[in-house]
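Visitor: Residue numbers (this note's numbering), protein chains in the order written: chain X, 159 to 480; chain E, 2 to 386; chain P, 6 to 299.
Be aware that a few hints might be false.
Said to hold, decoys possible - Calculated cross-link-like contacts (lysine-lysine; reagent style BS3-like; alpha-carbon spacing at most 27 Å): (1) E:Lys296 to E:Lys29; (2) E:Lys344 to E:Lys332; (3) P:Lys286 to X:Lys278; (4) E:Lys145 to X:Lys245; (5) X:Lys245 to E:Lys123; (6) X:Lys245 to E:Lys143; (7) E:Lys332 to E:Lys123; (8) E:Lys304 to E:Lys70; (9) E:Lys123 to E:Lys347; (10) E:Lys70 to E:Lys332; (11) E:Lys143 to E:Lys123; (12) E:Lys70 to E:Lys347.
By construction, these hints were calculated from the structure, which means they are not laboratory data.
Read off the chains here:
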Amino acid sequence: MKRLLDSVARCRWALPALVAAGFAYTLACEYFPILNDYSEVVLVTVGINIILCASLNLVNGYMGEFSVGHAGFMALGAYASALMTTKWLPTSFFELPLGVLFGGCVAALIGFPLALLSFKTRGDYLAIITLAFLMIVKSAIENISYVGGPRGMTPPVLTTLPWTFFWVVVTVWVIRNLVYSKFGRAITAIREDEIAANAMGVRVREAKILAFVTSSFFGGVAGALYAQVNFFIDPKSFDIVKSTEILVMVYLGGIASLGGSIIGAVIFTVLLQVLQPLGTWRMVILPLILVLLMLFRPRGIMGMRELPWFLPARELFKRPKP
Amino acid sequence: MKKIFFFAAVIALSGLAGCGSGGAPSVKIGLNAELTGEMPAVGASSRNAAELFVGQANAAGGLDLGGTKLPIQLIVGDNGAKADQARTVAQRLISQDNVVAMIGPDASSCAIPASIVAETFKCPMISPWSTNSKTTLDEAGKPKHYVFRACFIDPFEARVLAKFVLNNIKATTAAVLYDVASEAPNGQANLFKEVFEQNGGKIVAFETYTTGDRDFFAQLTKIKAQNPEVIFLPAYYNDAAGITRQARQQGITAQFVGSDAWSSPEVITLGGQDIEGSYFCNHYSTEIATPVAKKFVADYTAKYGKAPDDVAALTYDAMGLITEAIRTAGKADRQAVRDALAKIPKYEGVTGTLQFQPGSGDPIKTAVILQIKGGKFVWIANGQP
Amino acid sequence: MFFYLAQQTINALQLGSIYALIALGYSMVYGVLVMINFAHGDLFMLGAFACLLLAVLLPVHLPFVVILLLVMLVIGLLGALIERVAYRPLRDAPRVSAIITALGCGLVIENTTLSLSPYPQFLPTLFASRTLSYAGLTVTTLQILIIGVALGLMVGLDLLIRKTGFGMAMRAISFDARTVPLMGIPVNRMISLTFFVGAGLGGAAGMLYGLAYPQISATMGVLIGWKAFIAAVIGGIGSIRGAVLGGFILGGVEVMAVAYLPSTYRDLISYSLLLAILVFKPYGLLGQPPNQKV
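All chains, full assembly: derive it from the sequences and hints.
Guide: Pasting the structure below:
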């Protein structure tokens, strides 16, 4: 059995094949009534959560920080995209990707000063800064009536399953490549020991900026997709509770692991839907599962490990450990 | 190895999630209610009234659908008084549970997103209690086709209240304190200000708080410094109680006036002595003497041990309207039900006569002014717009 | 003008003392374990509910002080229990796991309470409050009580830390946790005691909050917990005096922002100001940058 799994793991075309199959399935869902509308929305939500998870994992998992402000980037992306699609752009095929790109860019722009702030502070102090940032974003949106203020906006529904899948693939691909590159090693080095890394000549500042900006870009992308599937966005949806949910997903799936992010997002979203009949007791069971998981596997389901399909070839074809 | 089983189990479970509800043939009506969150008493009232109606209808044999009698199945979803949850529940009721129509949500901040879902998926929806105009109007201000309501709308209510303050209480200065993050209070505050000032009144303070706040001392101190005769509080019952308490604690003696959002009896329990003597606008009063209303009040009190509030009454009427429409249409088809609903001639409901004008989802309703006296709601006057 | 400011100051003191009490709990736990106990906000909420249960469900009418002490005892024990069950096994795991466990515990507490009590509950007044008026300033005896009790508890804590053996042990553990067991101090017991005291303070804050704003609901701990955490960090997390300072600063900023600016900008102003403080003093006003061994 192990050999079978091993050969599946080493199969380099497995992942591209899966991606193509996924794409075909989502396109089929678009044109044939395979899934009802509600299940489609659930799947889109899973996709959005995967993007959120993977992007937060970059900062929280790979870089070892504790950012609780991710919902703020989501909010920025959502509102930027909503502005684009409701007020500024005409309806066209490119409306969604442009909106999403714009959302991501706005979020990344705001992620940049946050990265600068992270130079001086670490750990829990950075957590507070990200928390304050989240509250500021929410409060700022509430006060700007051009975007509807506290009563929210109604962006048109443009997110479809194929587009969501597309953005999920892009996110995972970019982050995976980032993590296994020179910058990725720098980011991991910062997590392990920042001062030592600095002493060894690692470009800590650039790495931090890159990590934060990438993370916030994809946070914004997720937010934009969320806006365009949800008919309605308001500042209340992007509060600390949402940030907590994203944190739960990340740590559930496993820190510093893209496969973990995907697993965490899927489990969380699906469980939340399936356990619907339990009402508020779902939110007792889910955190309980998380706590138990932390007690037995403190790094999450796939903490620090990775699905073999994501590893680059050089990691995979190493000589087996004695 | 374990991971694979885990994954497989998750995927299998998600397949379950895609399954709808099966069972014996019935007419499915959805209820999108605020059962948890900021205003659970509102959701509970709605659910009680809906279940009462369904119980009575099914006991009488069910709904007559072109010859066959089918039981009504009420499918309840909890929107937690949150906009995004309301939308999800609406989506689930419409696409997965396949309800023929949806009742609710009651709070405007939930009703508006749910109404967009209903309109997009062409499912008739009646909100019992949402007063904000945007529920039945789309982005461009034109009426939606599938969304109706059972109550009056904010512009009407604001006029009633402003006139009441000016003519009955004879006050010319007023302060307003409202929840900036919530649709109905926000709309009502702004409309009240507009009408009040148009008719010669003066708004001396226009303060805000946000949903979830409990400390209003700072805003109240600011209001007190302006010495208004009347403080207008278009808040939901939990905030109204908290604000009046703190205001009295600070020594504010102004007269409180509220909107229909106060209407839950919980407001008296939570507000206590401090809310005595306040006026507010409502959709109906238990003291109204029509036979339909009397029977409803008696049935509700017998089943639930307390008198129904306006949310319950309006939900009961909404259920009545929908079932009447389904009966007229003769089949559980959303388009047919919608058309029948729009054309219903005068429906005698608990809260008065309901009829929709062509092209509008808003009925012409009357309002009453109630006062909290002796721990009860007492009818004072009929609203004059 | 002066009276307006004075009135708002009293409001700020009330809000600030509650924030300070909660922030103390965060700081104490951080000091000994370098861990943020995110379940603290929900322990605060439980304090209010415990007060409700004791005041309403018991057939005997207990005086205010007794209820306060009982609430502190019960919540303190609960806090120590959570530490024993959920945090101690994770002592050697990465810090973040403990924090996430705390978050999870908090969510469990919050949602269990929400499932058992979906309606906001009304806390009956345990204390007949009179309103005192002096030349336009109104203070209720309730407000005086809350500020007084909060300040009393803070002074008591300060004495505890500076004058007792337990306090010395706590300070020793925050100074150098690894050497302390070599000195014969039972570290685990001290940590449990720290949680007990910290949670007790949080529970007391919950009860006082419930008295001040008599509507309690299961979700009231969430936002307040995070705000108090911010307050603790502003003051310098790990520092007891910093927590108190941070609490009053946060309360003051929130109230004064409403007092002198349009109230819709309250959150925006408060958090921007706090962010600014952190930018200039990244380790808080009274905090020390941690010594990092390279």
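Visitor: Hint by hint, note whether the structure agrees.
Guide: For each hint, the structure was consulted:
Between E:Lys296 and E:Lys29, the direct Cα distance comes to roughly 26 Å. Compliance with the 27 Å bound is thereby established for this hinted pair. Of the pairs offered as hints, the one joining E:Lys344 and E:Lys332 holds, with about 16 Å between alpha carbons and a cut-off of 27 Å not exceeded. Distance restraint check for P:Lys286 and X:Lys278: the Cα-Cα separation of roughly 10 Å lies within the 27 Å cut-off, and the hinted pair is therefore satisfied. Using a Cα cut-off of 27 Å, the hinted pair E:Lys145 and X:Lys245 holds, with the two alpha carbons roughly 21 Å apart.
For the hint pairing X:Lys245 with E:Lys123, the CA-to-CA distance comes to about 25 Å; that is within 27 Å, so the pair holds. For the suggested pair X:Lys245 and E:Lys143, the alpha carbons sit about 18 Å apart, so the restraint of at most 27 Å is met. Under the criterion of a C-alpha separation no larger than 27 Å, the hint pairing E:Lys332 with E:Lys123 is consistent with the structure, at around 16 Å. Distance restraint check for E:Lys304 and E:Lys70: the Cα-Cα separation of roughly 25 Å lies within the 27 Å cut-off, and the hinted pair is therefore satisfied.
A distance of roughly 24 Å separates the Cα atoms of E:Lys123 and E:Lys347; the hinted pair therefore holds under the 27 Å criterion. Between E:Lys70 and E:Lys332, the direct Cα distance comes to roughly 11 Å. Compliance with the 27 Å bound is thereby established for this hinted pair. Of the pairs offered as hints, the one joining E:Lys143 and E:Lys123 holds, with about 16 Å between alpha carbons and a cut-off of 27 Å not exceeded. Under the criterion of a C-alpha separation no larger than 27 Å, the hint pairing E:Lys70 with E:Lys347 is consistent with the structure, at around 24 Å.
The structure shown violates none of the earlier numbered hints.
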